[in-house]
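Residue numbers (this note's numbering), protein chains in the order written: chain B, 1 to 469; chain Y, 1 to 469.
The hints are simulated quantities; they were obtained by calculation from the structure and are not laboratory data.
Hints are not guaranteed to be accurate.
Stretch by stretch, here's where chain Y covers chain B in the computed footprint (C-beta under 8 Å, at least three residues) [as the list claims (entries may be wrong)]:
{"hint": "1", "region": "165-178"}
{"hint": "2", "region": "193-205"}
{"hint": "3", "region": "245-253"}
{"hint": "4", "region": "353-365"}
{"hint": "5", "region": "382-394"}
{"hint": "6", "region": "437-444"}
Ideal placement from N, C-alpha and C gives every residue a C-beta, glycine not left out.
2 protein chains.
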Amino acid sequence: MNAPAHTESLRRPVPAACLDALRERFADRLSVAEAVREHHGRDESPYPPMLPDAVVFAQSTEEVAAVARLCNEHRVPLIPYGAGSSIEGHLLAIQGGISIDLSQMNRLLVVNAEDLTATAQAGVTRKQLNEEIRDTGLFFPIDPGADASLGGMAATRASGTNAVRYGTMRENVVSLTVVTADGRIVRTASRARKSSAGYDLTRIFVGSEGTLGIITEVTVRLYPQPEAVSAAICNFPSLNDAVQSVIEIIQMGVPVARVEFMDEAAVRSVNLHSKLTLRETPLLVFEFHGSPAGVQEQAEIVQGITADHGGMDFEWAERPEDRSRLWAARHAAYFAGLQLRPGCRASTTDVCVPISRLADCVRETVDELDRASFPYTIVGHVGDGNFHVLMLLDPDNQAQWRESETINHNLVRRAIAADGTCTGEHGIGLHKMQFMAEEHGEDALALMRSLKHAFDPNNILNPGKIINW
Amino acid sequence: MNAPAHTESLRRPVPAACLDALRERFADRLSVAEAVREHHGRDESPYPPMLPDAVVFAQSTEEVAAVARLCNEHRVPLIPYGAGSSIEGHLLAIQGGISIDLSQMNRLLVVNAEDLTATAQAGVTRKQLNEEIRDTGLFFPIDPGADASLGGMAATRASGTNAVRYGTMRENVVSLTVVTADGRIVRTASRARKSSAGYDLTRIFVGSEGTLGIITEVTVRLYPQPEAVSAAICNFPSLNDAVQSVIEIIQMGVPVARVEFMDEAAVRSVNLHSKLTLRETPLLVFEFHGSPAGVQEQAEIVQGITADHGGMDFEWAERPEDRSRLWAARHAAYFAGLQLRPGCRASTTDVCVPISRLADCVRETVDELDRASFPYTIVGHVGDGNFHVLMLLDPDNQAQWRESETINHNLVRRAIAADGTCTGEHGIGLHKMQFMAEEHGEDALALMRSLKHAFDPNNILNPGKIINW
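Sequences and hints are given; from them, build the entire structure.
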């Protein structure tokens, strides 16, 4: 697959004075080695790598600020790097410059258990956070599948399987420490649960994909570990029956913690990959959190609704290890899908629509996919109206890549026509910039552009992502 | 009480050409009558009115856009007016100009019951919305007490008694239609439940108090009416016991729908005002939403916790009319407080702190208030760490006004030192601008100012509010 054709011509030179100053400060934490640059010039997107000129491994907010000041002075692009798990080309150094790797900023700074918040450096991953707070009886629910860094999750406004109950990073970031383009250090908010004190700087940086500032610390909300957890699988005769069940469950206000859809091909792939024996029909995987009585009550309501739509008996995963196996399999759906077609690369869609439009949107998409020249799987965070098509493509077949891009574009058009969005949780990066005007309109884009110009007047922060300068 | 001393000198002239053009377009929906201007140059704050030069009654987004274009061309201040219920001087025309009254934009545009959203013109009030959607089985939970307009609630990031469970306007605005300073019409987001498609324009305008754009339509989240609702009152021997109970309840993750604190004086005032017979001690008022079994379970947990802190027996308000009377009394606490000192005016504080710091913050504040020369009451949305002191002042006594300002400032400093905010839900307006630098720091203010400059380069939108130009 080809990176955008214009990229090489956009590379900006990195002055020797800038590299010298970085080398002096960071010594062997500055690297220009090909392998290191290659590792930092790619993400999980289908694009080939676009290498930064150098990589700096930062260990503190002050170091990030120093790098920003230097890059701003020399007009050098600066791209923050967390865990490398983004999938829309966010990390590609299309204009060259410096990749600033925050993975060594991996300390959990403070847990305020009484307030249900924790503050961590940006390089802490969600799994690390949950590991370190386990003894507090609290947990951090946002779970995008990959073990992403908290800084990266904030920067892409990530969510995942738990969002239907607990919200996304938009709702769960309390405050951020951010380094601005000119190297100032700003804390975006206090730890108060709510505030009306001026513009919402926190929400400005959440989802800004490194283009407005570099997130170095993240304060997130935590939740009490539920007293009882149970998970169940329910098979359906058709995709539509599964989706209609979810619509009714959400409309009833049942506080399901997770409700995930898999189509038949996705089920087949996880059976193969994770050695499970799930019945290969469209299915929903549920998780319920609450008191023992509350969980039972939720499950009974949900069973009633699914039965009305042809859902077969719930298959319960009562033991923690069974639930872990089930969710591990669900999270492996991406890699499982890839194995359905050995040697393939995947292109993933990410639309999100109002739930009343979900069934139509999925059905029309399936109609189109069934005529495609490549196999596919569908998984979805259907409680939010968000689903992903994994299109399994021959990496050497440009025609197939174009075909997938057309299908993705048609799907995005369908989602926008249904008052939805081109991306529920993956972000814009490079790959979805083409859809921004269709989704938001030129006047909204002009506002976003004016914000970018105001916060980053020299266009050094992850330039060429989200919107054109 | 005095308005800021500098204000008269800041008035900008409104060119005759601008007024003529408005008169031509709006005819008798443009008013320069003293009484109309006076009504629109005040809010519920203790400031004396500062009159706009004229008032326009808009009936559509396009009309608002036309007014904005005209004002922008002539550099004339433009102040949006909803229900007039703000309380920090938001609406005062300190630089003169045009007040644009949106109260005739009061149509509920569409209810998407399946998606749990509704879209209304900005002038629709929260009570009107709930009245009009009653038959759908859904409700809109945000309840700031006053029957504010949805546009005004979005503009001040309002919340109130239900926020502990349902969140604030930050979490419950799905999308906005906004008129920009130069008269473009922008929709900030789709109706998808989540999106990662670029900068969060919605959250930029929520809480911007009319300084970045004029909100003309609001899409909000709705919730299924709970199957069961119950409310209860619990008396405590001391303020600290009540607050400690709330802290434990929140930490247990009990999904209380409301938990409101009143001090002894507040209870006495609502008894007098609303002819109730509440026992006059510090108390908490609870409301529980859920299934019948769920509500009972929540109530049992809460009763156990309150009993551990000396809470006396729950007094239940089971019947809807009893609950209505109770919440009406709570909402009347402001006016009830005023009646404790006939002829007084009130100054209200609004800090919000992390809940672990709430008890100390309230206690230190009470120590200071007990030495003051005026009476006071305290009510609080304590589940969020937010409480209000109603200071009952002699309007002719400037020394008392200064004393109250000192106490408020000390309280704000205490809240900021506790990692809290000067305003949980009332907004900055004029009255709290002095605290912005203390709370956010100069670098964060510089970012906010650059946002204001980018979105409103001629400083016409509610100028002189939130931050200095």
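So, going through the hints one by one against the coordinates:
Closer than 8 Å: that is the beta-carbon criterion, and the region 165-178 of chain B has 4 residues meeting it against chain Y, so the requirement of 3 holds. Under the rule that three or more residues need a Cβ within less than 8 Å of chain Y, the assignment of the region 193-205 of chain B holds, with 11 such residues. Closer than 8 Å: that is the beta-carbon criterion, and the region 245-253 of chain B has 5 residues meeting it against chain Y, so the requirement of 3 holds. With 4 residues bearing a CB less than 8 Å from a CB of chain Y, the region 353-365 of chain B meets the requirement of three and the coverage assertion stands.
Note: the region 382-394 of chain B has 3 residues with beta-carbon separation from chain Y under 8 Å; the three-residue rule is met and the coverage holds. A stretch counts as covered by a chain when three or more of its residues have a beta carbon under 8 Å from one of that chain; for the region 437-444 of chain B and chain Y the count is 5, and the coverage holds.
The earlier numbered hints are all upheld by this structure, with none contradicted.
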